[in-house]
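Student: Residue numbers (my numbering), protein chains in the order written: chain A, 53 to 321; chain B, 381 to 609.
There's no promise every hint is true.
Stated by the list, open to error - Dumping the calculated DSS-like pairs for lysine-lysine here, alpha-carbon to alpha-carbon at most 30 Å:
{"#": "1", "chain 1": "A", "residue 1": "K137", "chain 2": "A", "residue 2": "K269"}
{"#": "2", "chain 1": "B", "residue 1": "K597", "chain 2": "A", "residue 2": "K137"}
{"#": "3", "chain 1": "B", "residue 1": "K597", "chain 2": "A", "residue 2": "K228"}
{"#": "4", "chain 1": "A", "residue 1": "K231", "chain 2": "A", "residue 2": "K269"}
{"#": "5", "chain 1": "A", "residue 1": "K228", "chain 2": "A", "residue 2": "K137"}
{"#": "6", "chain 1": "A", "residue 1": "K137", "chain 2": "A", "residue 2": "K231"}
Unchecked claim - Partner residues aside, some chain A positions facing chain B, computed with beta carbon under 8 Å:
{"#": "7", "residue": "D116"}
{"#": "8", "residue": "S119"}
{"#": "9", "residue": "N165"}
{"#": "10", "residue": "L167"}
{"#": "11", "residue": "H188"}
{"#": "12", "residue": "T190"}
{"#": "13", "residue": "G193"}
{"#": "14", "residue": "Y199"}
{"#": "15", "residue": "L216"}
{"#": "16", "residue": "A249"}
{"#": "17", "residue": "V251"}
{"#": "18", "residue": "V294"}
No wet-lab data here; the hints were simulated from the structure.
Every value quoted in this text rests on a predicted model; they were computed, and no experiment measured them.
Note that beta-carbon positions come from the ideal geometry of N, C-alpha and C, so glycine has one too.
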Amino acid sequence: MNLAKKSATACLLAIATHLCSAQTPTTPAQISAAQKSTAATPTLPASPFNRTTVLLDPAHGGSDSGSRISDSILEKDITLALAFKLRSLLAARGFTVVMTRDSDAATQADTPNPLTLDDRAGIANRAHPAACLLLHATAAGNGVHIYRSELEPIPNEVNGTSWLTAQAAWVTQSEKLQKLLGQALTRARVPLVLSRASVRPVDSLTCPALVVELAPKGSDSSSLTNESYQQHVAGAIAAALVFWQNQAQPPVRLAPLPTTPTPKKGVQP
Amino acid sequence: MISRHQRIVFWCLVGCILAMGTLLFVERQRARDRIVALADATPLDAPYSTTESVTLDLANDSDGSITATTRPIALPGEVTARARALLEHLLAEYALPGSPHPLQSGAAVDDVFLLPLPLVGHSGGTTAATSTLIASNDPNALQPQNPGGELAVINLRSSFVNAHPSGVEVESLTLMSIIGTLHTNLPQIEQIRFLVDGQPRETLAGHADLLRTYPSKDTTARAETSVAP
Numbered sequence: 053m054n055l056a057k058k059s060a061t062a063c064l065l066a067i068a069t070h071l072c073s074a075q076t077p078t079t080p081a082q083i084s085a086a087q088k089s090t091a092a093t094p095t096l097p098a099s100p101f102n103r104t105t106v107l108l109d110p111a112h113g114g115s116d117s118g119s120r121i122s123d124s125i126l127e128k129d130i131t132l133a134l135a136f137k138l139r140s141l142l143a144a145r146g147f148t149v150v151m152t153r154d155s156d157a158a159t160q161a162d163t164p165n166p167l168t169l170d171d172r173a174g175i176a177n178r179a180h181p182a183a184c185l186l187l188h189a190t191a192a193g194n195g196v197h198i199y200r201s202e203l204e205p206i207p208n209e210v211n212g213t214s215w216l217t218a219q220a221a222w223v224t225q226s227e228k229l230q231k232l233l234g235q236a237l238t239r240a241r242v243p244l245v246l247s248r249a250s251v252r253p254v255d256s257l258t259c260p261a262l263v264v265e266l267a268p269k270g271s272d273s274s275s276l277t278n279e280s281y282q283q284h285v286a287g288a289i290a291a292a293l294v295f296w297q298n299q300a301q302p303p304v305r306l307a308p309l310p311t312t313p314t315p316k317k318g319v320q321p
Numbered sequence: 381m382i383s384r385h386q387r388i389v390f391w392c393l394v395g396c397i398l399a400m401g402t403l404l405f406v407e408r409q410r411a412r413d414r415i416v417a418l419a420d421a422t423p424l425d426a427p428y429s430t431t432e433s434v435t436l437d438l439a440n441d442s443d444g445s446i447t448a449t450t451r452p453i454a455l456p457g458e459v460t461a462r463a464r465a466l467l468e469h470l471l472a473e474y475a476l477p478g479s480p481h482p483l484q485s486g487a488a489v490d491d492v493f494l495l496p497l498p499l500v501g502h503s504g505g506t507t508a509a510t511s512t513l514i515a516s517n518d519p520n521a522l523q524p525q526n527p528g529g530e531l532a533v534i535n536l537r538s539s540f541v542n543a544h545p546s547g548v549e550v551e552s553l554t555l556m557s558i559i560g561t562l563h564t565n566l567p568q569i570e571q572i573r574f575l576v577d578g579q580p581r582e583t584l585a586g587h588a589d590l591l592r593t594y595p596s597k598d599t600t601a602r603a604e605t606s607v608a609p
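From just these sequences and the hints, can you work out the full model?
Tutor: Next comes the structure, spelled out in structure tokens:
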């Protein structure tokens, strides 16, 4: 009986510690940044952050076929196939996987209208995932190309920030995730390109977000449809995400600065 | 009494005098027209300077790099015409056979507009004398980094955009090449936006963001890490 009580207490303590670590900065840099920002502006409660949720966005779909890899291979089909493989591997590792589409055409809820890129970003932001992976495919180059946002990073997330620059507070986390995925793919002997690019809608995502572009294994673009190649890449990514779920750290949220009405400065033309 | 042959000679001389007078008159008119044409300052063509050495930031698909390359090009003196001609020359390079970043040939840039930052609007009276210029109160409004900084709005043609190859790398390289070339040759441009046929468009060919305001910067130092297994 005592043993049961002790183990229950230990479990509760572990859960409480885990929740605290999810909502408070842990590294010295984060603590000092948080203290500085706290002194200047009031902080808000941390937004929900689901460490065991991963968002997969198989790019394109429906009438938007993406790039034409060859006469019979379309980018939208490869991204969906890779997303299914990743979903299976992540689910097997205990993740909750949210996908923006799981069929050819992605449509808005209750309407036949196709999902816009902003709709996809909305799905991602509402899920509060530990990682958002935007899956693309290309016939150019080889291996895997991983891009993060080109926005300049900002230390804290300001409530009410612009839709087109919402990723700025998360760029530091996205960079860490990019390095982690890069290391995992290098260990898996997959050729790799790490870079930055402005790909819609990555700049509007409020999560660690990366564009993962699958390129052919060698010079043959038909290898993109190779099941074992896709499985190999998906396995490396899923393994990296297991490590990532404990490292991800959402930025401190700040309340917007009070806007004082300023007289309009007019100049004669 | 004047003899017949003397009369013939007289009238022949009179005819020659008249012919020479007419010829002189016509030549005088022609010379006058030429001088008037030379003195006419009405602008018919954009003023082009002599050929100058211009730096183009050229993209390469094989290694994802952007390299600064100089080309002898005659460009107009007026700054917006210069920016447009610069981009037309840049994109024409990609239409050449054997280009490392192949794009379709044809006109690509409809226009380039340069707007001084910060962007202002008119308020107040109905005439220029009574209206005032007001700056936006929006904290996210575009602000200049330096005095005289400008926003370049590049209006691309839909024929160019619709024919652009699709892919993250290839689309990003096109945008970075445009941004880098403008940054090198027109340093007063601080920010760059893109339109397609005068309308905002989400992406270039399904990937690269065209809604974003890009900072003008040196893109030859584009950070890209390639790791071979």
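Student: Does each hint fit the structure? Answer for all of them.
Tutor: Here's how the hints hold up against the structure:
no.	hint	result
1	A/K137 x A/K269	holds, 17 Å
2	B/K597 x A/K137	violated, 39 Å
3	B/K597 x A/K228	holds, 24 Å
4	A/K231 x A/K269	holds, 21 Å
5	A/K228 x A/K137	holds, 24 Å
6	A/K137 x A/K231	holds, 22 Å
7	D116	holds, 7 Å
8	S119	holds, 3 Å
9	N165	violated, 15 Å
10	L167	violated, 12 Å
11	H188	holds, 6 Å
12	T190	holds, 4 Å
13	G193	holds, 7 Å
14	Y199	holds, 6 Å
15	L216	holds, 6 Å
16	A249	holds, 4 Å
17	V251	holds, 5 Å
18	V294	violated, 21 Å
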